[in-house]
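Undergrad: Those protein sequences? They're chains A and B, same order as listed. Going by the numbering used here, 67 is the number at position 67 of the first sequence; the sequence numbering is gapless. Going by the numbering used here, 147 is the number at position 147 of the second sequence; the sequence numbering is gapless.
Just so you know, these hints were derived from the structure itself, not from any lab. One should not assume that every hint holds.
Said to hold, decoys possible - If we take Cβ atoms under 8 angstroms as the criterion, some of the chain B residues that face chain A in the derived model are:
| # | residue |
| --- | --- |
| 1 | Leu-143 |
| 2 | Gln-145 |
| 3 | Asp-464 |
| 4 | Leu-466 |
| 5 | Leu-473 |
| 6 | Arg-474 |
| 7 | Pro-477 |
| 8 | Gly-480 |
| 9 | Leu-484 |
| 10 | Gly-501 |
| 11 | Val-502 |
| 12 | Ser-506 |
| 13 | Lys-510 |
| 14 | Ile-512 |
Positions of the beta carbon are idealized from the N, C-alpha and C atoms, including for glycine.
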Amino acid sequence: MPRQVNTAELDEFCGLLFRALDRLGGDLLPLFLSERPTAYEKYPRLLLGHIRYHDNVEAGFEEWKSKVLRDASDRRKEEEFPELLALKAWLLEHRSLFEGRKDNLNHLKRSLYARAYEYLYPRRLLTGAYAEANRGNPNALEEDAIRANFRRVVQPHIAKLAEVYGQGEPLQTIVAEAEEFLIANRQRYRWKLREVETVETPEEVAEG
Amino acid sequence: MLWTPPVLFNFQPCHGFADTYLVGNSGTNINIILAILSFFYARDGAEMQSFHAFLRRAMNDGLLPADAMRAVFALKPGEDFDKDVFTERKKGQVIDRAQLQEAIAGFLANVDQQREQGSAETLAANLASKMLALSTEQVAGVLVQGMQLGFLSLGAIQEQDKEEGWPCRFCGADAAIIVEKNITAGFDAGRFYNRSPKQQPFEEALCGRCGISSYLITKLLGMHSARPQPKGKDFPVPRQYNLVFHYGHHDEAGAQRLAAMIDDLFDLIGSFRQRAQEEKRFFSVEYIREEVAKRAAERQAAGEVPSTEEEAFAALIADDAMAPGLETLGQMRTDVQAQVLPLGVGHYRLLAFVLPQLQPGSKEGLDFVQRRFSRSRLAAFTLLALLRKLCGCDGPYYFQSVPTLALGGFDANTFYVQGKAENAEEALRRYNAIVNFARRVAKYREGHSLLADWILLAERLEEDPLGMFSEVLRDSPLRGGDDLREARYRRLSNEFIKGTGVIDGSQYLKLIEQLKSL
Numbered sequence: 001m002p003r004q005v006n007t008a009e010l011d012e013f014c015g016l017l018f019r020a021l022d023r024l025g026g027d028l029l030p031l032f033l034s035e036r037p038t039a040y041e042k043y044p045r046l047l048l049g050h051i052r053y054h055d056n057v058e059a060g061f062e063e064w065k066s067k068v069l070r071d072a073s074d075r076r077k078e079e080e081f082p083e084l085l086a087l088k089a090w091l092l093e094h095r096s097l098f099e100g101r102k103d104n105l106n107h108l109k110r111s112l113y114a115r116a117y118e119y120l121y122p123r124r125l126l127t128g129a130y131a132e133a134n135r136g137n138p139n140a141l142e143e144d145a146i147r148a149n150f151r152r153v154v155q156p157h158i159a160k161l162a163e164v165y166g167q168g169e170p171l172q173t174i175v176a177e178a179e180e181f182l183i184a185n186r187q188r189y190r191w192k193l194r195e196v197e198t199v200e201t202p203e204e205v206a207e208g
Numbered sequence: 001m002l003w004t005p006p007v008l009f010n011f012q013p014c015h016g017f018a019d020t021y022l023v024g025n026s027g028t029n030i031n032i033i034l035a036i037l038s039f040f041y042a043r044d045g046a047e048m049q050s051f052h053a054f055l056r057r058a059m060n061d062g063l064l065p066a067d068a069m070r071a072v073f074a075l076k077p078g079e080d081f082d083k084d085v086f087t088e089r090k091k092g093q094v095i096d097r098a099q100l101q102e103a104i105a106g107f108l109a110n111v112d113q114q115r116e117q118g119s120a121e122t123l124a125a126n127l128a129s130k131m132l133a134l135s136t137e138q139v140a141g142v143l144v145q146g147m148q149l150g151f152l153s154l155g156a157i158q159e160q161d162k163e164e165g166w167p168c169r170f171c172g173a174d175a176a177i178i179v180e181k182n183i184t185a186g187f188d189a190g191r192f193y194n195r196s197p198k199q200q201p202f203e204e205a206l207c208g209r210c211g212i213s214s215y216l217i218t219k220l221l222g223m224h225s226a227r228p229q230p231k232g233k234d235f236p237v238p239r240q241y242n243l244v245f246h247y248g249h250h251d252e253a254g255a256q257r258l259a260a261m262i263d264d265l266f267d268l269i270g271s272f273r274q275r276a277q278e279e280k281r282f283f284s285v286e287y288i289r290e291e292v293a294k295r296a297a298e299r300q301a302a303g304e305v306p307s308t309e310e311e312a313f314a315a316l317i318a319d320d321a322m323a324p325g326l327e328t329l330g331q332m333r334t335d336v337q338a339q340v341l342p343l344g345v346g347h348y349r350l351l352a353f354v355l356p357q358l359q360p361g362s363k364e365g366l367d368f369v370q371r372r373f374s375r376s377r378l379a380a381f382t383l384l385a386l387l388r389k390l391c392g393c394d395g396p397y398y399f400q401s402v403p404t405l406a407l408g409g410f411d412a413n414t415f416y417v418q419g420k421a422e423n424a425e426e427a428l429r430r431y432n433a434i435v436n437f438a439r440r441v442a443k444y445r446e447g448h449s450l451l452a453d454w455i456l457l458a459e460r461l462e463e464d465p466l467g468m469f470s471e472v473l474r475d476s477p478l479r480g481g482d483d484l485r486e487a488r489y490r491r492l493s494n495e496f497i498k499g500t501g502v503i504d505g506s507q508y509l510k511l512i513e514q515l516k517s518l
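For reference, chain A alone in the conformation it holds in the complex:
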C-alpha cells in the first residue's frame, strides 16, 4: 500500500536546502532565472542521489558536502558554513524521512524544479529588477546604496508578490533574503550586467 509522503517536512527541508545553497554562492543556484531547469535542480538532485545511493543520510550528506564546498564561492563558503551544519543537523534529526523512504525521495526528485522555482523566482525577480533598474550606474550596487534604495526601487514587484503571499512574514523574508543576496553578490551582478551590455551594444549599433 502506498505511503503518504511527508509534504510538510519535505517543504521545510527544501527551504533549508535552497537557503544554504543560495548563501554559499558560486553557481549552486542560478543567478539568472533564464537558466535551464537543470541549473535549478543540479545540487539538490545530487544530494538526493547520494542519500539514496548510500541509503544513509550522514554518508550521503558528507559526500555531497565535499562537492558543494568545491563549487561554492571561496569567500562565502567559510562565512556560510553554519548553514551547511544546520542542514546536516536537520537531516540527521529527520533521517527517517529519507532512509528506506524511496517514496519521499522520488516525490522530492519529481517536484524539485517547482520547489526551486518557487524559492528562486521571487528572490531573483527582486534582485534582477534592482540591477536592471540601475544598469550603467555601478554606484547603485554599493552596499549602502542597496540598503538605502532596494525596497523603494523594487516596490512594484514587491506589490505584485504581495498579491501571492500577502503582506505577512513570508513576503518580508523573501525581500530581506533578496536584499542580502544582492549585497553578497553585487560584484557578480555588476560583472554580469557589463557582459550583457557588451553583447547588446553591437546589435544596437547595427540597428542604428
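Please build the complex by placing chain B on the supplied structure of chain A, with the hints as guidance.
TA: Chain B in isolation, oriented as in the chain A frame:
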C-alpha cells in the same frame, strides 16, 4: 417464446394512421407504406427485405384482396404479379391510390378478424419472435423491482420467480434475457467483457429492465449512424448524452426557463466559436472574454446601455470558477439540443439535464473525450458548478449517481459524482485552481480535443501536484529564447520581466500556493 397479444392492440392507432392518412395522401412514398406494413406483418426477415415477397404471401394467405392488388398495380388479365412487374410499376409510380387504400382497408379488416381469433403470433411472426418472453405482469414486475414511492416499496420479485442465466451486462443484478444489439448496447455490443468468453455468440446479455430502459431512452433521445473510430465503419447506435440530475425548488416554467438559458448559452458560445474560426484565432473562454469586453466598450462609447442578458452573460464569463464549465459546454455537439426535463410534482422537482455528448477531435474515437470527461470527477464538478450557477439554487446535483430520497430529505449544497458526495463549495474551492490552470496551459494538438488534454492534466495535477507542476514548468516556454512550437504547454503570461529574461511568473507562484493548501 411467449408473446403478449396486448402489444398488437397497442398498435391499433397505427392502422388508422396508415389507412386514413398515409395511403390517402398521394404525396406519401409507396415505400413508406409498404415498409410499415411489412415491418409489423412480415413472417421473417426475407419478407421484411422484400415488399414483393410480403405482398405475394399476404395475397396467397387471403389477407390482402388479390383483385384489389391487381388493380393497384394495373395488371392486365392473365398478367402474373411477379417481382419484375412489381418493381417496374412501383418505380414508375403506376399505382392506383384509391385501390391501394381499399386493398389496405381490406387487409386490416382481415388482420383484425384473425387477431381476435387469437392468431396474432402467426400474423406478425417476425415481430413476435423479437418480443420479450414475459407477460405484461412480469414486465411490470421487472420494471418496478426495488423501486420506492417515498417510503413505499413498489415491489420485489420473489426468489422463485427470478430468471436464471448470466447476469445483465449493464447492471449485473438481474438475469440477462435480451440479446444485445448496437441499437440498445451501443458500440460495445458483441465486444469482449469478462463474461463473454463463457457465452455463446449473440447470447442474451441484458436484463429486462436495462433493455427496456435502453429502448425507451433511445426512443426519447434518438439514434444515429456513427463510427466508433475515425477509420471504422458506421453502426446504428443510440445518441449519447450527459445526464445530470438535480433536486431543486423549480416549477415547470422554471425548468423551461433553465432549458432556454442553456440553449442561449450554447448559441452564444457557438457564435463566438464561429467568429474565432473566421478570424483564425484560438477559441477559448479568454477569447470570449476579450470579445465581450470589446463589445461592451463599443456600446459604452456609443452611449448604449447593455441589456440585462448581456450583463448576466458578461458576469458569467468573467467568473473564473465558471470558465472550465463553459469551455466544456463549448465542446459539446451543436447538432443536438439540450433538454431539461422536470420530473415529479410539488415545490421540489427532480430536474434531468440532458446535455449533448462531447465532440472528439478528428483523430480521436467518437466517445474518447466523453469517456475521459465521465471518468474525471474534477471535470464533472466544473460542469455541475456551471449548472448550479445557472439554476441559482443550492439543491444537490447528481452525475453518474442515482438520485435517492433518504430519511431526513437530501443534502443541499452537495455534488454527487460517481456515487460519492462532495460539498459543492469545498469541491469548487479545491479543484477550481487546478482545473483552471490545466485549462490555460494545455496546448492544442492537431486532430485532438483540447478538453481531453486539460482534463487529463488536471487529474494528474490533483494526483501529484508539485511533481506534475514541475513537469509543466519544465516544458513551458518561460525563457526568452524558448521555441513556442516545441514546448508541450502554453505559458500563462506573455509579459517578460526586464532584467530576468523570463516571463512574469506570479501566476505560477499563485498556483503553487494554492496547491499547497489542497
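Undergrad: Next step is simple, just say for each hint if it's right about the structure.
TA: Comparing the hints with the structure gives:
no., hint, result
1, Leu-143, "violated (43 angstroms)"
2, Gln-145, "violated (39 angstroms)"
3, Asp-464, "holds (7 angstroms)"
4, Leu-466, "holds (3 angstroms)"
5, Leu-473, "holds (6 angstroms)"
6, Arg-474, "holds (5 angstroms)"
7, Pro-477, "violated (12 angstroms)"
8, Gly-480, "holds (6 angstroms)"
9, Leu-484, "violated (16 angstroms)"
10, Gly-501, "holds (3 angstroms)"
11, Val-502, "holds (4 angstroms)"
12, Ser-506, "holds (5 angstroms)"
13, Lys-510, "holds (5 angstroms)"
14, Ile-512, "holds (5 angstroms)"
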